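Peer 1: Generate the whole structure from the sequences, applying the supplied hints.
There are 2 protein chains.
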Amino acid sequence: MRKGLRLGVDLGGTSVKLALVDERGRLHDKIAVDTVKQPRALVKRLSEALRPWSNRSLLGTGVGVAGDVDTRKGVVRFSANLGWRRVALAGLFRKFKFPSPIVLDNDANAAAWGGYHLELGARPKSLITLTLGTGVGGGLVLDGELYRGVTGSAGEIGHLVVQDGGDPCACGNRGCLESYLGASAMVRWARAAYAKKKQVVEPLDPKILEQRALRRDPVAQEAYARAAQALGTALTSLVNLLNPDTILFTGGVARGATLFLPQALKILKSGAFKTPATAVRIVVARGKTDLGVAGAGLLVT
Amino acid sequence: MRKGLRLGVDLGGTSVKLALVDERGRLHDKIAVDTVKQPRALVKRLSEALRPWSNRSLLGTGVGVAGDVDTRKGVVRFSANLGWRRVALAGLFRKFKFPSPIVLDNDANAAAWGGYHLELGARPKSLITLTLGTGVGGGLVLDGELYRGVTGSAGEIGHLVVQDGGDPCACGNRGCLESYLGASAMVRWARAAYAKKKQVVEPLDPKILEQRALRRDPVAQEAYARAAQALGTALTSLVNLLNPDTILFTGGVARGATLFLPQALKILKSGAFKTPATAVRIVVARGKTDLGVAGAGLLVT
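Going line by line, the protein sequences match chains U and S. Reminder that position 64 of the first sequence reads as 63 in numbering that gives the first Met the number 0, one-by-one numbering, no gaps. Reminder that position 269 of the second sequence reads as 268 in numbering that gives the first Met the number 0, one-by-one numbering, no gaps.
It is worth saying that the hints were derived from the structure and are not from the lab. Quick caveat, the model's predicted, so the values are computed rather than measured. Honestly, I wouldn't trust all of these hints.
Intra- or inter-copy, both count: the list cannot distinguish identical chains.
What the hints assert, rightly or not - As a list, the in silico BS3-like pairs of lysine-lysine whose alpha-carbon atoms are at most 30 Å apart: (1) Lys96 to Lys72; (2) Lys265 to Lys36; (3) Lys124 to Lys72; (4) Lys2 to Lys195; (5) Lys2 to Lys72; (6) Lys72 to Lys43; (7) Lys268 to Lys197; (8) Lys197 to Lys265; (9) Lys36 to Lys206; (10) Lys29 to Lys265; (11) Lys273 to Lys36.
Peer 2: Structure, rendered in structure tokens:
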């Protein structure tokens, strides 16, 4: 990793974070801008937001985008959050004279890369990152390299199938990890469960669900138990398949880890092969640094 | 891969195959020896079997073992087939003056490495190999390198969980791919299904089950349908997670691929994300070369 500052951009559906990131992933300055969905207008707005940094010498621009990204071509193939299809985003960044090289990647990959550099002290050999928020994002760092797969689509841990024919998932399939774990699935399930009991719990959001679970509300506890069961099953598959030394949890839902992680780890320990299950270390991110924008910056190596 | 011959050893529970393997994986000569379970006696017997090749100059010895192998230390941690626990096998090979370096690996990894070099014309970037025999073996070649994980335990594709709480598996868990796919699971399930129908079908073995399925016997067809469903689910997870360009099927059960692969691929195409599902190529090994022993030899790079 070269010494010096690079620009990190974390491009989400509601806001864009920009930061100056050094070679160790530390943020030296930070701005947030509301997302505009028209790509050209968005990049123009970002370039204006950068003006205060215009006299800084930067090593390049790393961009994490919520969506399916072709890293090699610098194209966002599809983003549900942004409503984009085939947007040549790296080209737009070049047009608006962002520091080059411009490296585009999926936001979960960027966060995994950030976690790899910032959260773990000694570098793991192989790291699996799960980002638990609305859904379940994933990123793989294997043998010290960000693993992207052949079309840059790798790491969709939220769409490991844990229950063939199980609950419907937003992706169109059934029984994915994300059908059980993540704010969206858990709130949806709890809402239906309350309705079945003719119990009115409104408003209901992830924060409220978490508080209810902590106060031992049975429906909320069951939502977390289902999530823990699915997570334990997915971790078993991941450990048997990839034999990582570290699994890192990040994201908002991960902060409520005490509600589901112990149960999930019990399932992992009893379900996976002994050698890899013993070798893996489980870490919940301290959450001090914004891994998404830091990791995006570190994409410029 | 250096030019020249290396010794390949495929060490299974009933027989050991030895071959002289060139840099392209071609077998120049081949011997098979019955397995002796006492490690020292076995290696002694192998060294005697090698005498006809004693005047050949060899680049090293690559050994694939059915079991949990510590590649770095050259130790077989555990092998159910051989009844071994903590056998320092590489040391024994050294003691009996086998050509060095001596490289030890899991037999499924060796077969995956053989498939990577021998079955695919242009080298894939990332390859997943499934070896369908008694059970389901797996091996991963990611970004052109054999991926072993942190303790050499990676690639246990047979123990991806496809159905949380599903059929019991020999590994002690439930709902693994191998609980549904592979000669052992399929014959066991069919035997129970025939018994339930008070139908006597003896003897019943994988070959007979395959023939019955081809003749549209409903129980045999259902055994294959269950296997196809589990395989399709596992492939969906693998493609979403690893986004490989190629998935290669090898092994005895793979030869009956027409009975289950089309259905499994339909599930994959409808279940996985479109970009990685479109990018992946599915190949059934032609089965001309013994990938296990060829791949073992090629472990000496």
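Peer 1: Hint by hint, where does the structure go against what was stated? Just the numbers, ascending.
Peer 2: 2, 4, 7, 8, 10
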